[in-house]
Every structure is written in structure tokens, then in C-alpha cells.
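Protein chains in written order, with the numbering used here: chain Y, 3 to 273; chain V, 3 to 273; chain W, 3 to 273; chain G, 3 to 273.
Errors might be hidden in some of the hints.
The list treats identical chains as interchangeable, and a pair is accepted whether it falls inside one copy or across any two copies.
[What the hints assert, rightly or not] Subject to a maximum C-alpha distance of 27 Å in a straight line, what follows is the list of computed DSSO-like cross-link-like pairs (lysine-lysine):
no.: 1; residue 1: K17; residue 2: K197
no.: 2; residue 1: K10; residue 2: K261
no.: 3; residue 1: K197; residue 2: K256
no.: 4; residue 1: K238; residue 2: K195
no.: 5; residue 1: K131; residue 2: K238
no.: 6; residue 1: K195; residue 2: K54
no.: 7; residue 1: K151; residue 2: K256
no.: 8; residue 1: K21; residue 2: K31
no.: 9; residue 1: K197; residue 2: K137
no.: 10; residue 1: K197; residue 2: K238
no.: 11; residue 1: K131; residue 2: K51
no.: 12; residue 1: K29; residue 2: K87
no.: 13; residue 1: K131; residue 2: K29
no.: 14; residue 1: K51; residue 2: K135
no.: 15; residue 1: K29; residue 2: K256
no.: 16; residue 1: K261; residue 2: K31
FYI, nobody ran anything at the bench for these hints, they're computed from the structure.
Keep in mind the model is a prediction, meaning the values are calculated, not measured.
4 protein chains.
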Amino acid sequence: MDRLLVDKLSGDPIKIKLKESQTIGLKNKIVISGPCAIENYDTMRAIAKELKNIGINILRGGAFKPRTSPYDFQGLENEGLSILKSIKDEFDMIVSTEIMDTRDVEHALDYIDIIQIGSRNMYNYSLLKEVGKTKAPVILKRGISATIKEWLYAAEYIMVNGNENIILCERGIRTFETSTRNTLDLNAVAYIKNKYRLPIIVDPSHGTGLRELVAPMSLAAIAAGADGLIIESHIKPDISISDSAQTIDILTLKDIIDKINIIGEAYGFSN
Amino acid sequence: MDRLLVDKLSGDPIKIKLKESQTIGLKNKIVISGPCAIENYDTMRAIAKELKNIGINILRGGAFKPRTSPYDFQGLENEGLSILKSIKDEFDMIVSTEIMDTRDVEHALDYIDIIQIGSRNMYNYSLLKEVGKTKAPVILKRGISATIKEWLYAAEYIMVNGNENIILCERGIRTFETSTRNTLDLNAVAYIKNKYRLPIIVDPSHGTGLRELVAPMSLAAIAAGADGLIIESHIKPDISISDSAQTIDILTLKDIIDKINIIGEAYGFSN
Amino acid sequence: MDRLLVDKLSGDPIKIKLKESQTIGLKNKIVISGPCAIENYDTMRAIAKELKNIGINILRGGAFKPRTSPYDFQGLENEGLSILKSIKDEFDMIVSTEIMDTRDVEHALDYIDIIQIGSRNMYNYSLLKEVGKTKAPVILKRGISATIKEWLYAAEYIMVNGNENIILCERGIRTFETSTRNTLDLNAVAYIKNKYRLPIIVDPSHGTGLRELVAPMSLAAIAAGADGLIIESHIKPDISISDSAQTIDILTLKDIIDKINIIGEAYGFSN
Amino acid sequence: MDRLLVDKLSGDPIKIKLKESQTIGLKNKIVISGPCAIENYDTMRAIAKELKNIGINILRGGAFKPRTSPYDFQGLENEGLSILKSIKDEFDMIVSTEIMDTRDVEHALDYIDIIQIGSRNMYNYSLLKEVGKTKAPVILKRGISATIKEWLYAAEYIMVNGNENIILCERGIRTFETSTRNTLDLNAVAYIKNKYRLPIIVDPSHGTGLRELVAPMSLAAIAAGADGLIIESHIKPDISISDSAQTIDILTLKDIIDKINIIGEAYGFSN
Chain Y
3 MDRLLVDKLS GDPIKIKLKE SQTIGLKNKI VISGPCAIEN YDTMRAIAKE LKNIGINILR
63 GGAFKPRTSP YDFQGLENEG LSILKSIKDE FDMIVSTEIM DTRDVEHALD YIDIIQIGSR
123 NMYNYSLLKE VGKTKAPVIL KRGISATIKE WLYAAEYIMV NGNENIILCE RGIRTFETST
183 RNTLDLNAVA YIKNKYRLPI IVDPSHGTGL RELVAPMSLA AIAAGADGLI IESHIKPDIS
243 ISDSAQTIDI LTLKDIIDKI NIIGEAYGFS N
Chain V
3 MDRLLVDKLS GDPIKIKLKE SQTIGLKNKI VISGPCAIEN YDTMRAIAKE LKNIGINILR
63 GGAFKPRTSP YDFQGLENEG LSILKSIKDE FDMIVSTEIM DTRDVEHALD YIDIIQIGSR
123 NMYNYSLLKE VGKTKAPVIL KRGISATIKE WLYAAEYIMV NGNENIILCE RGIRTFETST
183 RNTLDLNAVA YIKNKYRLPI IVDPSHGTGL RELVAPMSLA AIAAGADGLI IESHIKPDIS
243 ISDSAQTIDI LTLKDIIDKI NIIGEAYGFS N
Chain W
3 MDRLLVDKLS GDPIKIKLKE SQTIGLKNKI VISGPCAIEN YDTMRAIAKE LKNIGINILR
63 GGAFKPRTSP YDFQGLENEG LSILKSIKDE FDMIVSTEIM DTRDVEHALD YIDIIQIGSR
123 NMYNYSLLKE VGKTKAPVIL KRGISATIKE WLYAAEYIMV NGNENIILCE RGIRTFETST
183 RNTLDLNAVA YIKNKYRLPI IVDPSHGTGL RELVAPMSLA AIAAGADGLI IESHIKPDIS
243 ISDSAQTIDI LTLKDIIDKI NIIGEAYGFS N
Chain G
3 MDRLLVDKLS GDPIKIKLKE SQTIGLKNKI VISGPCAIEN YDTMRAIAKE LKNIGINILR
63 GGAFKPRTSP YDFQGLENEG LSILKSIKDE FDMIVSTEIM DTRDVEHALD YIDIIQIGSR
123 NMYNYSLLKE VGKTKAPVIL KRGISATIKE WLYAAEYIMV NGNENIILCE RGIRTFETST
183 RNTLDLNAVA YIKNKYRLPI IVDPSHGTGL RELVAPMSLA AIAAGADGLI IESHIKPDIS
243 ISDSAQTIDI LTLKDIIDKI NIIGEAYGFS N
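Please put together the full structure from these sequences, using the hints given.
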């Protein structure tokens with residue numbers, strides 16, 4: 003592997019400013035949360051309000067949903083973007099959503115702060131080049147069976163096009179194991195923190211697929227060196243439209259954040 | 003898995019007309035060949051001429067190349083499309099190339115006959131919907147770690163949007179094995195032929211990554227029930243720009259076709 | 003990888019004499035068949051008789067069964083060995099069974115002709131050394147996630163201890179795919195035939211886990227270059243104690259052999 | 003999966019007494035350390051002395067080495083057992099080594115306290131049954147591609163034969179990723195702690211294959227809920243006979259233990 007822009011030998015670790023007061027990288031850790039899909043305005047607003055109450059400033063929610071079956075709910079699309087914008091303004095939150103089509107990138111940035119590239123589109127080089135032309139923070143999820151090397155090269159596609167505001171996101175890889183939805187690869191977190199410049203967060207929701215594993219694997223992620231977490235939460239997890247089995251309620255999320263802070267104090271970083 | 007349009011229970015096996023005289027499906031098998039990337043007009047024309055000489059009517063060649071590294075050759079892009087069109091007209095061949103961006107689909111069909119969806123874009127549902135709106139034959143390669151079920155759902159995305167001219171292509175999956183580039187999953191061929199309506203071809207070049215395995219695995223693919231092959235060939239394999247180690251010369255390709263015809267006679271199908 | 007005894011550079015391809023008239027290797031191919039487990043004397047004898055009728059001389063049947071659960075049927079053990087011996091004598095067949103414990107190797111050879119090392123014991127180096135001290139033909143199944151390299155080294159353990167009568171057996175590897183029980187890796191067959199000295203057979207029963215895929219994958223295996231097949235069969239597949247879903251009846255087996263012979267004639271080898 | 007003896011529904015979590023003062027399970031965590039292989043008496047004694055100095059009471063070291071190649075060092079075998087016994091007596095330590103052959107189990111227990119079943123022998127049911135007949139603590143490593151279910155069934159083989167002193171050990175699984183030696187599956191730790199009775203430790207040395215990842219992954223393992231760690235260490239890692247790249251020095255090990263104790267205090271458990 004040639005020396006890449008993402009390599010520590012090419013520059014300092016990258017610290018990304020999400021808002022005046024909110025950065026990720028170095029000792030600053032973040033927690034992003036919200037439902038899998040934006041279901042409707044009222045539910046989304048209620049979730050955002052509760053998240054804000056427990057100190058979470060970054061809201062996620064899917065407007066465009068990449069579903070395995072064409073017969074499953076495909077998201078509210080542009081209406082979803084409008085809902086995010088409205089909530090962002092009301093609660094002064096940072097909002098993030100997945101973009102799947104090159105034709106949506108520019109338009110979406112009128113509504114949202116952070117672009118997510120989902121696992122299924124990590125190898126979509128046309129899309130990577132397109133977000134590389136913006137300056138928006140990008141969460142780049144690892145492809146479900148992408149090697150660490152391929153994933154870093156995907157980040158390089160964005161960076162070489164001019165955008166270095168990249169947050170890697172480990173979300174579990176596909177293995178032979180079926181007791182859990184995916185195998186969360188925390189080795190990858192420790193490996194990347196050791197040699198590369200980009201901040202990396204972990205998604206324990208998709209990484210495990212099981213609600214009861216979200217808390218321990220969140221703590222493990224932070225202990226392995228992750229710069230943050232992205233966790234699916236809902237005011238009523240059992241009735242969420244998708245990913246119900248891996249979605250936690252707001253109270254459980256609060257407990258996780260409290261425990262992370264204990265580890266944080268022990269290690270000397272702040273959340 | 004619900005009953006899908008691609009299921010045999012939903013209709014007859016699909017036979018696709020590529021040209022007046024050339025169909026795929028049922029007992030008609032096809033061989034598609036050509037270089038990994040379109041390097042320049044002269045080389046491409048020379049390859050096409052030799053392929054035509056040994057009876058191959060369907061030419062492949064990459065104009066847009068999805069490369070792991072942004073620093074590798076990304077293809078001749080639109081110039082590549084023009085080269086294909088020119089050769090198609092001169093030699094009366096059917097031409098096929100990979101399209102990676104929703105914005106290129108309509109435009110490309112002025113130049114080519116068959117659209118390939120590459121392994122990296124099998125989950126690119128925006129792209130699948132876009133090719134679903136055309137009537138062009140589509141080669142849908144299996145994602146490098148896509149389950150058979152996910153792959154069939156990807157085909158369903160195309161079909162439900164109105165295009166049933168789908169040729170599945172098994173091209174090897176990612177496993178722990180490193181002696182070969184990928185693991186060619188011929189089980190998938192037999193499985194799909196048993197239960198589903200779509201023709202399926204096999205790519206032994208990417209499926210093995212090793213020139214010396216292309217012949218035996220081509221024969222194995224046909225014996226397993228495949229409707230055809232897509233094989234990387236070049237007049238000078240050793241100097242081809244990409245995938246050199248898995249590219250064969252035209253003479254070797256001729257031998258493969260001869261042996262397939264022997265199996266074909268034994269089984270009662272025609273090539 | 004250093005040059006090993008199993009490498010073609012170290013000597014001629016190995017041809018193994020199973021009996022005066024039966025060899026494997028070079029152009030001689032074999033078919034081994036029988037039930038997963040030896041259930042009782044009468045059933046085993048009935049199966050053997052039918053196999054003999056369709057020209058199969060090599061009988062398999064498990065006496066010691068490595069089952070995932072300790073609560074599942076563990077085999078008839080020594081009684082199973084006696085049944086095999088009795089049938090071997092009555093029908094003049096070659097018999098093969100799996101041995102799992104170093105303490106059973108010597109004893110078992112009073113009853114059987116061919117020792118099988120099962121997939122779960124491919125890395126059991128104590129057992130490999132022990133069979134290496136005998137001269138008995140050994141079927142060495144590939145570990146469920148063993149690399150080709152590790153598998154060849156396992157064979158080397160047997161060979162360096164003095165026994166070169168090794169028949170490799172590809173029986174499917176563990177991947178992410180769940181539609182089939184395992185992924186039959188025919189690349190491995192072509193790869194090994196290209197560079198190594200040992201004969202290799204294929205087990206399409208475990209390799210697919212599905213009865214309806216056994217015929218096409220048997221043909222594919224032979225087309226890829228395999229020296230033979232080992233296929234689970236039963237007079238009444240649906241009531242066989244284990245592996246029922248992948249066990250075929252004797253008539254289906256007869257059809258497979260007929261088709262293999264057609265391929266064989268085309269290629270110039272004899273069965 | 004039927005209800006097993008290892009299931010929490012079948013009884014209380016199991017706490018294992020390794021010595022009067024040393025238990026594992028519930029809130030008691032352990033650290034086992036030492037070199038991959040016992041190289042000679044002097045080196046082993048020097049390592050043991052330094053480990054004892056930093057408070058480690060449980061020594062590991064391989065006497066019988068399961069090596070991929072028959073040409074690699076196979077261990078000191080019985081001489082290795084004698085070395086362990088001598089050090090055990092001098093330093094009042096608990097000693098652990100891997101046993102690979104059913105014929106060695108009884109004999110080895112005259113020398114050692116804890117039997118390890120290595121990854122390659124997890125499916126060796128003859129061996130599992132044999133250690134099941136003893137009362138010795140057994141470290142049961144997960145097979146390199148064993149599902150959690152298969153691993154628990156392997157433990158069940160030991161338990162149903164009468165020995166419940168089983169310590170599971172997650173040591174990384176085989177995936178497509180090659181930047182790290184294996185993929186450490188901490189999901190499995192959280193999953194098993196959630197539903198099963200057995201203590202579970204983690205081997206970050208084999209789990210990563212890289213010295214620089216041992217510390218972060220040790221902390222992650224404890225944060226995920228592991229009951230302990232088994233870590234390869236050496237007084238001179240660079241000259242250790244095997245696994246040098248993943249072996250740490252004693253000072254690094256001391257740091258890891260200090261950090262674990264910080265997490266431990268935060269969570270209320272003792273080391």
C-alpha cells in the first residue's frame with residue numbers, strides 16, 4: 003500500500019469541526035443517535051427532543067433507505083430531508099442522513115449537516131467523488147466485507163477530491179457467524195487509530211443486531227480507541243419501522259453515555 | 003423469502019434476445035470476451051477482430067473502471083464508449099460495458115448494447131432502478147459478498163421497474179482463501195438454475211484470478227448448468243493494463259470453446 | 003511456501019492402488035458412495051447390494067460420527083466396523099470409514115480399507131501423524147475453513163511420516179452464504195491439480211447440503227478435473243438417520259455416473 | 003438450540019476455583035500470560051519470575067505445539083511438561099498448557115493445573131470427552147471458524163461428561179480481513195455473558211496478531227464483559243521462537259493490567 007493522504011505519515015490526525023462548539027478527533031468524542039428511518043414528523047421530533055434532553059446534539063435518521071427488498075419501505079425521501087431541517091432549526095442540532103445517489107448530494111446539503119455513505123455504497127466511486135467535491139463532513143461506513151485497505155482507499159477517493167472531513171464508521175462485517183447480525187471488528191478501530199489520520203466511530207447497533215449487546219459493545223468500542231458512537235434509538239423501539247431488534251430506548255442510551263464518561267475520566271478524554 | 007418476479011413460480015424461464023440471431027437462456031449459451039479495460043482504439047480493434055475470427059460475437063471492455071485506488075487508471079470513459087460503438091459497427095458485434103453512475107445510463111445506450119452492473123454496485127439501488135427503466139439487457143454481477151438472496155433481490159429491483167432482460171453473473175465471492183483471488187461459487191449457479199427464471203453466466207477470470215484456472219473452471223461452470231461465460235482475453239495478456247494475471251490469449255479461449263462444445267453435444271445443448 | 007513432498011516439483015503425480023483392479027489418480031476416477039452413518043446391518047447390506055448392482059465398488063459409512071451436539075447419535079462405533087467388514091467380505095467391496103481418535107487407527111485397519119480424516123480433524127496433527135505411520139489409503143477432507151495451503155500441509159504431515167497414499171477431498175468451505183450448507187470450492191480442485199501430486203475427490207453432498215444440487219455439482223467437479231466423487235446415498239434417503247436433505251437415492255446416483263461417463267468419453271478418461 | 007447445561011436457564015453462572023485464593027467467574031477476573039512455546043528451562047524460568055513480579059500467578063507456555071507445517075518446531079513435549087512443573091513448584095504458580103492427544107490427558111495432569119484445548123482441536127470430540135472425564139479446569143478455545151453455537155456445544159461435550167470447570171476463550175475468527183491475523187469477535191463475549199453460564203476470557207495476541215493492538219484490544223475485551231485475558235509475553239519478544247510479532251514484553255503487560263484495574267474500579271469488579 004503506497005503512502006496515502008489518510009496515512010499518519012502524510013500529516014497530523016484530522017480534527018473535524020461539526021459546529022462551532024462540536025468537534026470530533028483527538029480527545030473529543032461524539033455520540034450520534036436517532037431512529038433507523040424517519041417515519042413521520044411527530045415521531046422524529048419526539049425522539050429529537052428526548053435525545054436533546056440527555057445531551058445528544060447530533061441526530062441521525064434515514065430519508066433514503068437502501069433496503070434489500072424493493073417491496074420494503076424506501077424512506078420518505080425529500081420529505082424526510084425537510085423534517086430533518088425543521089428539527090435541526092428548532093432544537094439547534096446537527097443532523098445527518100444517508101445519501102445514495104450522485105444526483106442528490108448537492109441538494110441534500112441545503113437540509114443536512116453530515117452526509118452518510120452507507121455500507122452498500124462504500125465502493126460507489128462516483129458517489130465518493132461527488133461528496134469529495136463538497137466540504138461537508140462525511141461519515142463513511144465500511145462496506146460489509148470491505149478490507150481495511152479498501153475502506154481507506156474509499157476515504158482516499160473523497161480526500162483526493164478535496165474534502166478531508168471524513169469520519170470512518172465501523173459497523174460490523176459479514177462473517178460465517180449467525181448468532182449476531184454482523185461481526186463488529188474492533189481490531190479495525192485499533193488498527194486505524196494506530197496508523198491513520200481519520201477519526202473513527204462505531205455503530206454497535208448494526209454491528210451486533212441485538213439490542214442487549216449495544217451497551218457492552220459501545221463500551222468496548224470506546225475502550226478500543228473509537229472517537230465516537232452512532233447508535234439507533236427510538237422512543238418506542240418495539241414499534242420502529244425498521245431495525246427494531248437492534249434499537250434501544252432513550253433511557254438505555256443515557257446509561258451507556260454515563261458509563262462511557264466513567265471510562266473517559268479514567269483515560270483523560272472528554273465526551 | 004416472498005415469491006418474487008424472478009421466481010420460477012411467477013413465470014417461464016426468461017430468454018433474452020441480444021440480437022436477431024443471438025439469444026441467451028434455455029438451451030442457448032453465450033461467450034462474452036474482451037479485455038478488462040479499453041486501452042486504446044487500435045488494441046481494442048485488434049482484439050475484437052481476433053475474437054470475431056474464432057466466432058465470438060459479444061465484446062466486453064471497460065470504459066468506466068471502478069478501481070480500488072483513486073490513483074489507478076480510471077478508464078477512457080466517454081472516449082471508451084465511442085471506441086466500442088465504432089467496433090460494434092465495423093464488425094457487427096454486440097458490445098457490453100460497465101456503467102457506474104445513474105447519470106450515465108441513458109447516454110451510454112447510444113453506444114452499447116448490454117449494460118454491466120459490476121460487483122461493487124450490486125447494492126447500488128439507485129443505479130438498479132435506473133437500468134430498470136430501460137429495456138436494455140443487463141448483466142448483473144453478484145456483489146463480492148452478496149448472498150444469493152440479496153442478489154436475487156437486486157435483480158428484482160430491476161425487474162419490478164420494468165426491465166426483465168437480466169443476465170445474472172457469478173464472478174466469485176470473498177472468502178478466507180487467498181490462493182485464488184475469489185472463490186467461484188458454482189453452487190450458486192446450480193441453485194439458481196433450479197429455482198429461478200433468469201439466465202446466469204459465469205466469470206472464471208475474476209472468479210479465480212489465475213489464468214491457468216480459467217479453462218477448467220469454464221468447463222465446470224457449463225457442467226454446473228451456466229448459460230454462458232464472460233472471459234477476459236487479450237491479444238497480449240502480459241501487457242494488458244489491468245487484470246493481466248487472469249487474462250488469457252485468444253488461442254486458449256478457442257480451446258475452451260471447443261471443449262465446451264463437446265460437453266454441449268453430450269448434453270444436447272447448442273452454443 | 004517451501005517446496006513440499008506433495009509438490010509436483012518433488013515427484014510424479016501419485017497413483018494409489020486401492021485393490022488389484024482399482025486405482026485412483028492419473029486418468030482413473032472413482033466413485034465412493036453409501037450412507038452418512040451405518041444405521042444397522044440390514045440397511046447397510048441393502049445399500050451395499052444396490053450400489054454393487056450399479057457398479058460401485060467402494061462403500062462409505064460412518065461408524066464413529068463427529069456430531070455437533072453430544073446428544074445426537076454418535077455412531078455404532080466398533081459394531082459399525084464389524085458391519086463394514088462383513089459386507090466387504092460378502093460383496094468383495096472396498097470399505098471406508100472415518101477415524102477420529104489416535105487410539106482407534108491400528109485397530110480399525112483390521113476391518114476397513116480406507117481411513118477417512120473428517121473435516122473437523124484436518125488440524126488434528128496427532129491423528130495425522132498416526133495415520134502417517136500406516137500404509138493405508140487416507141481420504142483427507144479439507145477443514146471447513148482451511149486454506150488450500152493448510153490443507154496441503156496437513157497432507158504433508160501424513161506423507162513425511164511415511165504414507166503417501168493420500169486422497170484429498172474437497173467438501174465445501176464455510177462462507178457467509180446460507181442458501182447452501184457450504185460453498186463447494188472447485189477452484190481448489192483446479193488449483194491443486196495444476197500444481198500438486200495428490201489425487202483429489204469431491205463431496206457434493208456436504209458441499210451443497212441439497213439433494214437437488216448433487217447431480218450438477220458432481221458433473222462440475224469432474225469437469226474441473228477431480229479424480230472422483232464421494233456421494234451420500236441411501237435406499238430411502240428420507241428416513242436416513244443423518245444428512246437426509248443431502249442424500250440421494252441409488253437411481254439418481256446411477257444417472258450421475260452415466261453422465262460422468264459421457265464427459266469422460268469426451269475428455270478421454272475412463273471411470 | 004435445545005436447552006443445554008451451559009445455558010443460564012440450567013443453573014447459576016459457574017465460578018471456577020483455580021487455587022485456594024484464585025477463582026474465575028462472577029466478578030473475579032484473571033490474567034494468564036507467558037510465551038507461545040516453552041523454549042528451554044532458563045528462558046521459561048526468567049519469564050515466570052518477571053510475571054510473578056508484576057502480580058501474574060497463572061503461567062502459560064506450549065509443550066505440544068500444533069504447527070501448520072510439520073517442519074516447524076513441534077514443542078519440547080514431555081520435557082516441556084517437566085519444566086512447567088518445576089516452575090510451578092518454585093514460584094507457587096498455576097500452570098497451563100495445550101494438550102492435543104487423548105493419550106496425553108491423564109499423564110499431563112501430573113504436571114499442570116489447567117488444560118488448554120486449542121483452536122484446531124475444538125471439534126476433536128474424542129479429546130473433549132477425555133477432558134470431560136477429569137475435574138481439571140479446561141480453557142476451551144474457539145475454533146478458528148466455529149460458530150458460537152458449535153463452540154457452546156463443544157463445551158457441552160465436556161460438561162455432559164462430568165467436568166463443569168470450563169473457561170471459554172475467544173481468540174479471533176477467520177474472516178476475509180488480512181491486515182490483522184484474525185478478527186477478534188468481542189460480540190461473542192457479550193453474547194455469551196448475556197445468555198450462558200461459563201466464564202470467558204479473551205486472547206488478544208492471536209486475536210490481532212499485532213503487538214501494538216494487544217493493549218487496546220485487552221481493554222476492549224474487559225469493557226465488553228470478559229472474565230479475563232490470556233496474553234503472549236516474553237522477556238525478549240523479538241527473539242521468541244514463535245508468534246514473535248504478536249508477543250509483548252513484560253513492561254507493556256504491566257501497563258495493560260494497570261489500565262484494566264482503572265476500568266475495573268469504575269465498574270466495581272476486582273482483578
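#### Entry: Hints not upheld, ascending by number
The structure conflicts with hints 5, 6, 7, 11, 12, 13 and 14, although it agrees with all the remaining ones.
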